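**Student:** Here are the chains, one letter per residue:
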Amino acid sequence: MPDSGRLPAAPDQAVIRLQERLTTRYQARISGALVRPATPAAWLDLPPELAPGLAAALIARGVPRLYAHQREAFDLARAGRHLVVATPTASGKTLCYNLPVLDAVLRDGRKALYLFPTKALAQDQVAELTELGRALTAAGGTGIRAYTFDGDTPGDARKAVRTRGDLVLSNPDMLHQAILPHHTKWAQFFEGLAFVVVDELHSYRGVFGSHVANVFRRLRRICRFYGVSPTFIFTSATIANPAELAQRLCGEPVAAITRSGAPQGERSLLLWNPPVINPDLGIRASARSQTTRIARMAVKSGLKTIVFARSRLMVEVITKYLKDVFDKDPRRPPRVLAYRGGYLPSDRRAAEQALRAGRVDLVVSTSALELGVDIGALDVAILNGYPGTIAATWQRLGRAGRRLRPSLGVLVATSDPLDQYLVRHPEFFFDASPEHARIHPDQLLILLEHVRCAAFELPFRDGDQFGAEDLPEMLSYLRDEGVLQRQGDQWFWVADSYPANAVSLRSVAEGNFVVIDTTGGAATIIAEVDWSSAPGTIYVGAIYMIQSQPYQVERLDWPGRKAFVTRTRADYYTDAIDYTRLKILDRFEGRASGAGAAPGGVVAQGEVHLVRRYPGYKKIRYYSHDNIGYGNIDLPDQELHTTAVWWQAQPAALEALLPDRQQAIEGFLGAAYALHHVAALRSMAELHDLGRAVGDGQGTWFAVTGNDGRGHLRGPDNALVEETAVARFEPTLFLYDNYPGGVGLSAPLYDAAETLVRDARELVAGCGCSGGCPACVGPVLPGDAERAITPRAATLRVLGLLEGSCATDAAADHGV
Amino acid sequence: MGFEERLRRIRGQAPDPTPAAPAADRPALAERLRRVGVGRTADRIPVGMPDEGALANALGAESLAPGVLRLERRLSNDRRYGRVLPAGMTAWGELPWGEAGQNGGGGLEARAAGAWLCLDTETSGLAGGTGTWAFLTGLLRADGGEWLLRQYLLTRLDAEPVYLDLIAAELTRTAALLTYNGRAFDAPLLATRFRLAGRADPLDDLPHLDLLGPTRRAFARRWPDCRLVTAESRLLGFQRSGDLPGAAAPAAWLGWLRRGETAQLAAVLRHNRDDLLSLAGLLPALAGVYRDPAAHGADCRLVAAAWQRRDPACALRILAANRQDLDASGLHDLARLYRRAGDWVQASGIWEALAARGDANARAALARYCEHHRGDLTRALLLTQSLPAGPERERRQARLRIKLDRERPAGQIELAIEPYSTGT
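Here the protein sequences come in this chain order: A and B.
Going left to right, the first sequence walks through residues 1 to 816 as the working numbering numbers them.
Going left to right, the second sequence walks through residues 1 to 424 as the working numbering numbers them.
None of these hints come from the bench; they were simulated from the model.
Errors might be hidden in some of the hints.
As the list claims (entries may be wrong) - Per label pair, the in silico range of CB-to-CB distance:
{"#": "1", "chain 1": "A", "residue 1": "131", "chain 2": "B", "residue 2": "407", "range": "53 to 61 angstroms"}
{"#": "2", "chain 1": "A", "residue 1": "75", "chain 2": "B", "residue 2": "259", "range": "58 to 66 angstroms"}
{"#": "3", "chain 1": "B", "residue 1": "200", "chain 2": "A", "residue 2": "464", "range": "20 to 28 angstroms"}
{"#": "4", "chain 1": "A", "residue 1": "506", "chain 2": "B", "residue 2": "197", "range": "33 to 41 angstroms"}
{"#": "5", "chain 1": "A", "residue 1": "506", "chain 2": "B", "residue 2": "224", "range": "56 to 64 angstroms"}
{"#": "6", "chain 1": "A", "residue 1": "588", "chain 2": "B", "residue 2": "197", "range": "55 to 63 angstroms"}
Claimed, not checked - In silico lysine to aspartate or glutamate, DMTMM-like type, Cα no more than 25 angstroms apart, as pairs:
{"#": "7", "chain 1": "A", "residue 1": "562", "chain 2": "A", "residue 2": "442"}
{"#": "8", "chain 1": "A", "residue 1": "619", "chain 2": "A", "residue 2": "517"}
{"#": "9", "chain 1": "A", "residue 1": "619", "chain 2": "A", "residue 2": "352"}
{"#": "10", "chain 1": "A", "residue 1": "618", "chain 2": "A", "residue 2": "530"}
{"#": "11", "chain 1": "A", "residue 1": "119", "chain 2": "B", "residue 2": "31"}
{"#": "12", "chain 1": "A", "residue 1": "300", "chain 2": "A", "residue 2": "252"}
{"#": "13", "chain 1": "A", "residue 1": "159", "chain 2": "B", "residue 2": "31"}
{"#": "14", "chain 1": "A", "residue 1": "583", "chain 2": "A", "residue 2": "416"}
{"#": "15", "chain 1": "A", "residue 1": "583", "chain 2": "A", "residue 2": "530"}
{"#": "16", "chain 1": "A", "residue 1": "583", "chain 2": "A", "residue 2": "751"}
{"#": "17", "chain 1": "A", "residue 1": "328", "chain 2": "B", "residue 2": "205"}
{"#": "18", "chain 1": "A", "residue 1": "583", "chain 2": "B", "residue 2": "204"}
Just so you know, these numbers come straight off a predicted model, no measurement behind them.
Ideal Cβ positions, reconstructed from N, Cα and C, are used throughout, including at glycine.
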C-alpha cells in the first residue's frame, strides 16, 4: 500500500498502525517487543493550608489537584523527611519539590538551594519558576525570587543572588568551589536554608557521585554552623537503588517514592537488531540505515518523532539524510530539526519553541534533550544505539507519549557488544531496573581532598566526624603537609591557598590532558583526555578521532599534560599495545565460583598493584582491518594501585576442558572481554572505568593479544613465555577498578559475580556470529571460524567453568 | 583483617622506600597515599616552637592576651613623611567625596571631623575565602598632637576571638574609616573573620573612605598602576627602603606559626606601619591633587567631574584653568558648567569652536542655544540640518519649521537653506 496520498490517521490509530506494520514487515529484525499497558492517573487533593496564594496560583496554572506521588512528596517534605522521587519522565517530578519549597518560602521566608548537574537545566527551571511566580503575584500573593548562580553570573549580580534569592539554582561544582569556601558571604542564605533539591540523582554516580557526597558532607557541616539542617529532596530516573544512592549522598535515611500517579498511555518498545550482512565477521547493517528508515515511516504516518543519536556527528548525519527526504523544498518551513550541544543558546531556545508548538515533525538530538528540557510530548522515539544505561534509555523513550495516548519506542542496536547483548534481553527494560548506581565517598584520595576543603571552610574540632576514615589521622597528615595547625582542640587552616580550586569533581587525581589542535599554526583545545587513558590514546603517532575527524599526535608534553595534534587524512587508525602486569597485594575475600553443581574455580576480590607498559602501537587500515605497520611508544610505565575482582579456574578442571593451553588463554581473553562489557552494564559504569587482564595471580606471566592476533603469555620483563613452560597453569581473569585507589566499583562486581558470568555467557552464546566477533569475544582472525574450537567456543567453555555448569554442554559450545 | 596488618603485609612486598620516605612509625594514612601514587613525599616541616615572649621582645610589643600582641607607638605629627606633613584628618573637607557609593552612605561629613581611623590588614593569602586570616590589623589615628599607631598581631590561631574583640573595641571609638582598597579587600575579609567567630561585624555601619577610588579617578590614565607604593612615591616623594613586599607577608606569618621565626614578622609590621602612614599622608596630598590636578599631573577632566555635584564652581575653576589641555569631552564639561553658571557667552564660545571642528554635539548645543536663548530660529534650523540623520533631527527640524512659520507672515518666501558651512 503506498504511503503517499493518504491522510494521516489520528495519532492514536497511527501509532498502532505503524507498530503493526513494523512488526509484520520486519519480523526478523525485532528481537523483542514489549507493551506496557496504559495506567490511569491517581489523583489526590492539594494539601490543605498551603501558603496564601499558592493554591490559587496552581489552579490558575491548570493544577487543581495533584498526582498521588506529588502529594506524597509534599507530605514527606513538610514533615522534614529527606526523600527521593524516582518516577518516569514527564510524571511531574518538578512539582514534587517546587510545591514544598514554595510553600516554605512563602509561608516562612525560608530559602532553598537547587542543584542541577548542568547549567542549561538550571536555566530551564528558572523560566518555569518565574512563570509560577507570575501566577502567584496574579493570585495576590507575594512573588518569589529565583536566581541562577553559575560561572556565567556576573560579579555585580552575585551579591544580589546571595542576599536576596529565595531560591538559588546552581550546580555541584559551584557549590564546591564558589559557595562553600565563601560561606560567610552566604550567611543570610544559609541561615534560612530549608531545602536542598538535587535533580537528576542518577547522574551522581562513580567518581562524580563520590565527590558530590563529600561536597554534601561539607554543606551539612556549614549548615550546622548556621544552625540549620535542610531537608534534601532528590529526583531520579528509574534506577535499582535510588534510596540507597540518595542516602549515601546525603548521609541520612531517605524515603523513596517510586510509584507514579501520573497517567500514562500504552507504551510499546521494539528492540531492533539490524540484519546480519556478513555472518563470518558478524557484521550487521548499520544502525543508522535502520533508524532513518523507521523515522521516515513514522513521519509519513503523521507522527511526531524524535531520534536520539549518541554523538553530535551522528545527529548531523541522520538529520541530513532525513532533511533530504522531508525538507526538499526550501520555501516551506523545515519539518526536520537537529538539536545538540554546541548550538547557540538562542538557536536552541528557538528549536524548543518550535517543538512545543508542534511546528516540527521530527527532531534529531543527542542526550541534550534527554534531560528536563520542555519540548512537549511526541509520539515516537527512536534510539540509534543503546545510550549506555537503562536509565538513560527510559529517559529518552519517555519523550514519546502524550498523556494517555499510545506511544512507540524503538531501540536500534549497533554492533557494540552491549547493544547486542541488550537487544536480546528485553527483560532488562521491563523488569525492575538492573542498574545500581554506586558511589564510594570514602575513597581515600577523594575523601582527603574534601577534608582539606572542609578544613579551609571551618576549623575541625577534636571529636568531629567526616567520612568513614580516621579523621584525626587525616588531619595529622594535613598538618604534616603544612596546611593545618592544631591548637587547643581545633585544627586551623594555615596555608596560602584555596584548596577547592585544585579539586575537580569529575576526576580522582588531578591532571587531565588537553588535546591541542595546531593545524595551520593555530592552538585550539579540542578535547580532554583522562589521565589514566592518556598513555593508550595520545602517544606520539596516535590517530586521535574526534567525531570521526582523524588527528595525529605530533608531540606529547607529559609533565605539562598536553598533546599537540594536527588534522590528518590517514586511512588507518592506531591501536596501542599494552602489557598489563597485575599482582595481588591482598585478598579480602573469596568463594567458590558459580552456583552450578560442579564448581570449576573461585572468585575473589582484593587489592592489586598494576603496571601497564605501552611498548608500541599498531596501524590498522579502515574497512580491511589490515595491520599496516607499527610504531614505538616511549612512555614510562604506568602504575596503579587499586581494587579488583578476579576469577580463577581449577587447573585440573581447565585441563580437562581445554587441554590446549593456547586455546585456554584465548578462552580467558574472550571471557574477559565479555565480562568487562556486562560488568560495565551492571555497574552503570563507562567501559574505561573498568580494566581487564588475564594472567596468573603470582604475576609470573600475563596473557596479551599479540601482533599476530593470538593470545600470548609474557613474563614480567615482557619476554614471551611458552605456555607449556609454565609449571602451574592457573589462569586468572581480573576486572579492576581503573582509578587510583579504586572508587568502589569492584566490590559490587564481586557480590554479583554469578550474575556477571551468566550475563557474559549469554552475551557470547547468543551472538549471531559463528566463531567469535567484536560483539562478543573481541576481534578474531580470519579462519578462526573454521577451527575445531573457535575462540567463541573456548570462551564459552571458560565461562561455563567459572559458572560451575556442565561446560562441555554441546549447546554452550555451539552457541545454540 | 585489620588495617595495620594489611599495611604491614603490603609493605613487605612493596618496592623499597626511597631515602626520603618517612620513618617506620609514619601514620598508616601517609603510607597508603604513597602507595596509590599521589602521597606528597612532602618534607616534613621542621617544627620550631613559637615563643611569644621572644616575639614580643623582638617587636617591642606588649602581650594583651595569650596569642595577641599589640605594638603601640606615638609618632610626632610634625614629622615629615616623604614630602608631606601628614596633617590631621581635617583634609577630608577639601575633598569632593560626597558622591554616593564612595563613602558608604551619608553621615560622613558629620562624623568625620573627629575620629578618623586608618586601617590596614596583612593576611595569610590573597586567595580569599574562609581560610584566609587577617593576622595583623594596623590602626592609625590622630590623638592630641600626635599620631597613635596600634598594630594588633595574632600569634596563636585559637586566640582569634580575643583578637577580634580588641579590634572591635577600637572601632567603636571610631567615626569613620580610611583605607586603601579596603572596600574590596580588608573590610570583606574582616567581615568573614567576625562572622566565623560568631560576632557582629563592627565595620558594617561605619562610614568608610577608600582612597583607591579617588586615586584611580585622578591617575588611572596617567600612572602605570595605582598601587599604594606608586601613589606614595609619586605624590609623597616617599621611597621605602628595605621594605618587605606585601606579598611576602603570608610566608612571614606562616614561618612564625610553623617554625617560630620572628625576623620576617618584624618586617611585616614595618611594612604595615609604612602603609598606614602613607595612607595618612595620602589624604592631604589627594586634597591638593583635587584642588589643582594639573600641578600633580592628574586627569583634570575626571577630577573636575568629581567636584561637579558638591562644588561646581571648583569644577569650573579647574577646567577653565586647564582649558588648553582639554579634549572635546572636557570642553563639553566646561561649557556645561558655564551654561549652568549662566555664562552663555563662554559656553557658546566653546560650542562655536567645537562646532567649527565638526563636533555634532556642539552643533546640537548651539542649535538649542540659538533656538531658546537667542531666538535665532534660522540659525538653529541651519545647525539642526547639519546634525547626523535620525528621528531626533527630524523632530527638531519639524518643530523649528513650525516656529518659523508662525513668526513669518504667510506667503513669505522660504529661505533657501544651505548646509551649515564650517568655513568662515
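**Student:** Confirm or reject each hint.
**Tutor:** Against the structure, the hints come out as follows:
no.: 1; hint: A:131 to B:407: 53 to 61 angstroms; result: holds, 57 angstroms
no.: 2; hint: A:75 to B:259: 58 to 66 angstroms; result: holds, 59 angstroms
no.: 3; hint: B:200 to A:464: 20 to 28 angstroms; result: holds, 26 angstroms
no.: 4; hint: A:506 to B:197: 33 to 41 angstroms; result: holds, 35 angstroms
no.: 5; hint: A:506 to B:224: 56 to 64 angstroms; result: violated, 41 angstroms
no.: 6; hint: A:588 to B:197: 55 to 63 angstroms; result: violated, 46 angstroms
no.: 7; hint: A:562 to A:442; result: violated, 31 angstroms
no.: 8; hint: A:619 to A:517; result: holds, 21 angstroms
no.: 9; hint: A:619 to A:352; result: violated, 44 angstroms
no.: 10; hint: A:618 to A:530; result: holds, 22 angstroms
no.: 11; hint: A:119 to B:31; result: violated, 40 angstroms
no.: 12; hint: A:300 to A:252; result: violated, 52 angstroms
no.: 13; hint: A:159 to B:31; result: violated, 44 angstroms
no.: 14; hint: A:583 to A:416; result: violated, 31 angstroms
no.: 15; hint: A:583 to A:530; result: holds, 24 angstroms
no.: 16; hint: A:583 to A:751; result: holds, 22 angstroms
no.: 17; hint: A:328 to B:205; result: violated, 69 angstroms
no.: 18; hint: A:583 to B:204; result: violated, 62 angstroms
Violation of the numbered hints given earlier is confined to hints 5, 6, 7, 9, 11, 12, 13, 14, 17 and 18; the remaining hints are satisfied by the structure.
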